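There are 2 protein chains.
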Amino acid sequence: MGNMINIVIDTIGGDNGASVCVKGAVKGLENNKNVKLFLVGHKSEIDSLLNEYEYDKSRVEVINATEEISLNEAPVKAVREKKDSSLVVGLNLLKEGKADAFISAGSTGAILAGGQFIVGRAKGVKRTPLAHLLPTAAEPSLLLDCGANMDVKPEVLHQFAQMGSIYMQEVCKVDNPRVALANVGLEEEKGNAQVKAAYALLKKDESVNFVGSIEARGIPYGKADVIVADGFIGNTIIKLYEGLSKVILREIKGAFLSSFSSKMGAILVKKSMKRTLKKFDASDKGGAPLLGLKGLVVKIHGNSKEMEVISAIDQCVSFVKNDVSGKIIKGIEK
Amino acid sequence: MGNMINIVIDTIGGDNGASVCVKGAVKGLENNKNVKLFLVGHKSEIDSLLNEYEYDKSRVEVINATEEISLNEAPVKAVREKKDSSLVVGLNLLKEGKADAFISAGSTGAILAGGQFIVGRAKGVKRTPLAHLLPTAAEPSLLLDCGANMDVKPEVLHQFAQMGSIYMQEVCKVDNPRVALANVGLEEEKGNAQVKAAYALLKKDESVNFVGSIEARGIPYGKADVIVADGFIGNTIIKLYEGLSKVILREIKGAFLSSFSSKMGAILVKKSMKRTLKKFDASDKGGAPLLGLKGLVVKIHGNSKEMEVISAIDQCVSFVKNDVSGKIIKGIEK
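Chains as they are written, first to last, in this note's numbering: chain S, 122 to 455; chain E, 122 to 455.
Be careful, since some hints might not be right.
Because identical chains share one entry, a pair is satisfied inside a single copy or across any pair of copies.
[Unchecked claim] Below, a list of computed lysine-lysine pairs in the PhoX-like style, where the Cα atoms sit at most 25 Å apart:
id, residue 1, residue 2
1, K374, K399
2, K317, K274
3, K294, K399
4, K367, K344
5, K367, K311
6, K178, K384
Worth flagging that the hints you see were computed from the coordinates, not collected in a lab.
Predicted model, so just to flag it, every value in this text is computed and none were measured.
Go ahead and model the full structure; you've got the sequences and the hints to work with.
Put into C-alpha cells, the structure is as follows:
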C-alpha cells in the first residue's frame, strides 16, 4: 500500500454527469493496479452507478459532497463559501495529503481558485500555469500558461519554461524538449517588453533547451515541444485553435453538402478526412494540469467522456510516479 | 484634376516583382477614372512593362528609385539610410502632399518605420495600428492592431476602436459596426490590466458600438465587425489564423491522397472544397492600412498578385473619397 497513488475524481461539474466519471474510474483502476480512487459527489448516485461494474472495491472510496459550483459563479467566492462542494471537498483531500492528485471537469475558474487557495503553491513557485497539449501536424506541443495568470513578469515566463520542460520530459517522455517563447517575430529584438526580457533570461538558462521565439503561424506545424506564453496570449492561442478548427470543419461539411457530386465524393473521403480533422481538435488532448501547486490538480474538458477520465488518471500516475512536482521544485530552485 | 486621387505604388519589394504592380496599376486606372498613379522603382523596367499595355498616359508617372530594402534589414536604419529606395521615395511623395496614398508589398517593418518617421502621425493620434480584414464564417472582421505597436496603454486601445469603427463604416460600408475587445472571457472583470481598463473606457464611449469582449474562439464565427487588440495579441491572432488554416488544408490534401477511394472522392469534392478553404485564407483580403498617419499607407502581402494591387487601389480611392483620415482625426478628438 506504500506505493499506492491516491487520486480524487470530482464527479460533479462536468457536462456529462457522474456516469462518465464512474465508468472512467473503473477502467482506470483496471489499467493501474497501484491506484486508489476517491470519488467525490452525490454518494447515493455514485454508489448506484458503481453497482453496475465489477471492480476492486478496496481501491475505491466514495465521499459525499452535495454542493455544486456552476460556471456562472464568481470562482473565488464560490470556493470560499461552498465548503461542501465536490471541488472543495476533493481539493481538501489533496491539501491534507490523503490524495496525490485531483481531476475535475468543473469550472476552470473555480479549479484555478481552489488550486491557489486550498492546495497552495509549492515552495519557490511564483505562479501556477495551466498547461495544455496542443494538436499539431507533428507531435503535440505543451502550451503554458493557457489562462491561469494574466499580467506576469518575465521571471514568471522563465519559470513556466522550466516547468513545461520538466513536464514534457517526465510525463510525455520527450527527450530534451525544445522550448520556445510565443512571440511576434523570430529575431531577439522582437516582442513586447515582457517577452524581450523573458527571452534574455531563457537564453542564459542552460537547464532549458531554449530554441528562441516561435511565431503563432509556426505553432500548428509543431516546431516546439513547449510553448511559453502568459495566460492572456496562451488563452488566445488555445481558444483560436479551437474556434478556427471547428469553423473550418463546419464549412467543409457545408461544402460537401453543396452539390450532388460533392455529396458522392464526401462518402469516399469521409474516413480519411475524419482522422485528419480529429487530429486538430484541441479539446481532445486529455487533461490540463495546473503546474507548481503542492498537489497535482488536473482540469479536464467540461464535456469529457470516460476516455478523458481514463487518460487523466494515466497522466496523474505518470506525474506522481516520476515525481514531477519534486523535479519542478528542484528545477526552479537552481 | 482637382478631384484627382494620387496613389503611389512601390514596385520594388514584393515577391512577384514589378510586373504584377504594373499590371494591377493599368487595371486600376481603367476602374477608377479619377486616379493618377505614381509608379516608383526601376524606371527602365517599369517603362518597358508599361509598353505592353494601352492606358491613359496622362494619369501615370514613373519615378526612378533604385535602392531596395530587404526583409532582413533593420527597418529603422534602412529607412534612414536608403534615401533612394522605392519605399522612401514613395513615402516622401505622400509627405510632400503630392500623393494621397501609398501602396507597398515590401517589408512590413520598413513600411511601419517609414510611415512613422517620414509621413508621421496625424494630430491627436497616439499610435498607428495596422488594420487587417480577417476572414470569418460570416463577413470579414477588421482586426487592429496586427503588429505595429507592442506595449500600449488602454487609451490607445480605445483609439484603435474609434479608428476601426470609422474605417469599417466608411470603407467597408458596415452600418454601426460592432466593436469588440479581444479578451480571455466575456465578463467585464476578465482580462489583464490593460484590457480591463480599455473595457471601462469603451463602455463609456457612445461614439462606438461597443459590444463587449470577444474570446478568440468567437473570432472565426464573425461575431464582431471590429476586433481591438494590442499589436502583440493581434499579430498572434492573424498569424495563427494563417498557420492553422494552411496546416489544416495541407492535412486535408494529405488525407485525400491516402487511399484510392479518397482520391476518387477528392475529384468530386474539389470544387466546393476549394471555395470554402479559400474563404479562410487570411492572406487574401487585400491591403492592410496603417491607420492614423498624415497620409494613407497600405501594406499588401509580400506575395501579392495584380488582383491585390487592384483592390488596394480601390480601397485607397474609397478611403480618400470618404475622407476617412479626416473623420478619424475628428472622431478621436471628441
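query = When the hints from earlier in the document are held up against this structure, which numbers fail?
reply = 6
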